[in-house]
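Visitor: Residues per chain, in single letters:
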Amino acid sequence: MLEIKNLQVQLEEEDKQILKGVDLSLEAGKVHAIMGPNGSGKSTLSYVLSGKGGYEVTAGSAHLEGNDILSMEPEERAAAGLFLAFQYPVEIPGVGNMTFLRTAVNSQRKLRGEPEMSAGEFLKVVRAKAKDLKIDAEMLKRPVNVGFSGGEKKRNEILQMAMLEPKMCILDETDSGLDVDAMKLVAQGVNALRDGKRTFLVITHYQRLLDHIKPDVVHIMAAGRIIKSGGPELALQVENNGYSDLLEGSA
Amino acid sequence: MVLPSSEAATRSAMHDDGLISSPGAWAKEVRQSAAERAQNQGLPERRDEYWKYTRPDFFVQESVTLEAQVSPKIQIFNNQLKAEILFENAVLAAETLPKVANCSIESLDDAADLDLHWVSDIYGKLELAGQYPVRRSLAALNTAKASQGVLVHATGQVSDPIRIHAVCAGRTDAIIHHVVKVDAGASVTLIETGQYGARCNVVMEVEVADTGHFHHIRVQDDHEIHALTHIFARIGADSTFKSFTMTSGGKMTRNECILELIGDNSAVSVAGACLGDNDFHHDDTVFITHDAVNCESRQVFKKVLRNGAVGVFQGKILVKAGAQKTDGYQISQSLLLDEDSQFLAKPELEIYADDVACSHGSTCGAIDEQALFYLRSRGIPEAKAVDLLTLSFMAQAIEEIEDSKISAAILNHLTDTLEAR
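Chains as they are written, first to last, in our numbering: chain Z, 1 to 251; chain E, 1001 to 1421.
The following block holds chain Z by itself, in its conformation from the complex (with noise of 0.2 angstroms):
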């Protein structure tokens, strides 16, 4: 689904490299976390797959289903069925949440040249979703993400990536500023759409998310580099023991 190959970022405005060569390929219908130190480069990662600005590519590639996402735009990379889920929502105000869902869901259907979607389908669809993950009319007509708390800006994250289907999924720590009964909620909404196609990667610092979210491969991220890949097991022995010892054994 998505194979990323030496990958080396440096900050536009500064000569400081963050990822210095990543690999990973990431099959479909697969579960991958990152975790990692902070500073490691795991939302670097996120950010420059979606294609936020303020980053330079200097080596490598990272390729969707065979298409070069490195040279799309960020609204293409969406089309072609990349999401992520960001670790802090932007808030909209003025700008209701229904409104920009359906911009969304017809903007991606016009860039792939698919027709759009019905006002009476969409509000019959999205509504469906939306008590799927406990979130109410109040919550759909209420401005993008304005006066949400932590666990609803979250929430609104899983039900965008429910509206769009993408294939891909990152979530960047979605667990962060959760509390254990949202966790569970967003990791239900997560479940929800996994159907043995659709690829997800979990970024996280802590196995916690884990366990409500099951990966099939764990990889270890640190200095810019993915250092040690595994089972679930990689997950726990960081739980246990930190990552001092992945480090030292790295280094």
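Any given hint might turn out to be false.
[Unchecked claim] Straight-line distance between alpha carbons at most 25 angstroms, and here's what the computed PhoX-like set of lysine-lysine pairs gives:
| # | chain 1 | residue 1 | chain 2 | residue 2 |
| --- | --- | --- | --- | --- |
| 1 | E | Lys1384 | Z | Lys110 |
| 2 | Z | Lys153 | Z | Lys52 |
| 3 | Z | Lys153 | E | Lys1384 |
| 4 | Z | Lys52 | E | Lys1384 |
| 5 | E | Lys1384 | Z | Lys141 |
| 6 | Z | Lys141 | E | Lys1405 |
| 7 | Z | Lys167 | E | Lys1384 |
To be clear, the hints were calculated from the coordinates, so they are not data collected in a lab.
Once you have looked at the hints, place chain E on chain Z.
Guide: Using the frame of chain Z, we list chain E on its own:
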């Protein structure tokens, strides 16, 4: 363009037949003194403090330089409102004046003949009061010369909004003067759409009695025009005055709003959402005087500018001695979509009472890159994402509109205007 000396310009601007055209002693007297007022003050010049950011040339020169378009591409409120007043080429279509319950609507042209005392109590009087401390000689000139306008007297609750729609073609030079009186316990909403002329000098005088409520909505979207408007309002106790303007057209527009709060416990709001593109200059000049206790005033102006468009804001809150418990709020913000556009702001507070809360803020910024990326990452193309962030930016100004049906119509109009460009 050479600006003629002010005395000569005043003479030339007043020497035609428009002056003192209506019969009736009161009108003659009021117009004569307004003409003298304008003459003594002289026409605005660029060195005047309040004309520093907006060149007065187009408004004072003899000839009209633009050709008005017949009508804008996108219409608002068309055939939706029951009560409509039509102006064609700066002349009121008097035969079409609507009948509205709890409200009398007459033509200014007939005022003297009709001997409407309430009109003579307001016409030119509020304009005169608004000449101090800042002189506004083009408004005085309007009082002297205007023969066209409507006289709206709300005597009770007027249930549906009244719309004034103006169409014009060619080089129409429009001088329009409206007079509005809202009685105690009465309420009325007035909507102005279209443009009176390729060059407009519009004055609206509004007297809101104690417990009266006045709402004004204005849409300025024709492009080939130079427009100067003044609203002079005097607001009594326990009453409301709200004026909202959406501007997306006009080569040069200056909207002045001069409000005086003379009764306690009242609330006023002047707001504007402005979408400027290319050869576009838009100026909001507001002067709010608090001369009563426990009144609230709000000024909320949002401008989104691109391709060299210029936005100006000059807003003042004057709190007189004794106007305690005043709550004054003023915000003027611009979103500059490129490096060619400009926003010039001059917020002013002058306070002579010691128990007041006044806040003001003026900002000028670029698009929020983080928000733009968020929208694009959801598949929304950049141009559409900028439009959504433009609407988001303007939301606070649109929220000043009390009637949710009208604010929804304005929002739709803004969305359509963005999509069409």
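Visitor: If a hint holds in the structure, say so; if it doesn't, say that too.
Guide: Here is how each hint holds up against the structure:
no., hint, in the structure
1, E:Lys1384 x Z:Lys110, "holds (13 angstroms)"
2, Z:Lys153 x Z:Lys52, "holds (20 angstroms)"
3, Z:Lys153 x E:Lys1384, "holds (23 angstroms)"
4, Z:Lys52 x E:Lys1384, "holds (17 angstroms)"
5, E:Lys1384 x Z:Lys141, "holds (20 angstroms)"
6, Z:Lys141 x E:Lys1405, "holds (16 angstroms)"
7, Z:Lys167 x E:Lys1384, "holds (24 angstroms)"
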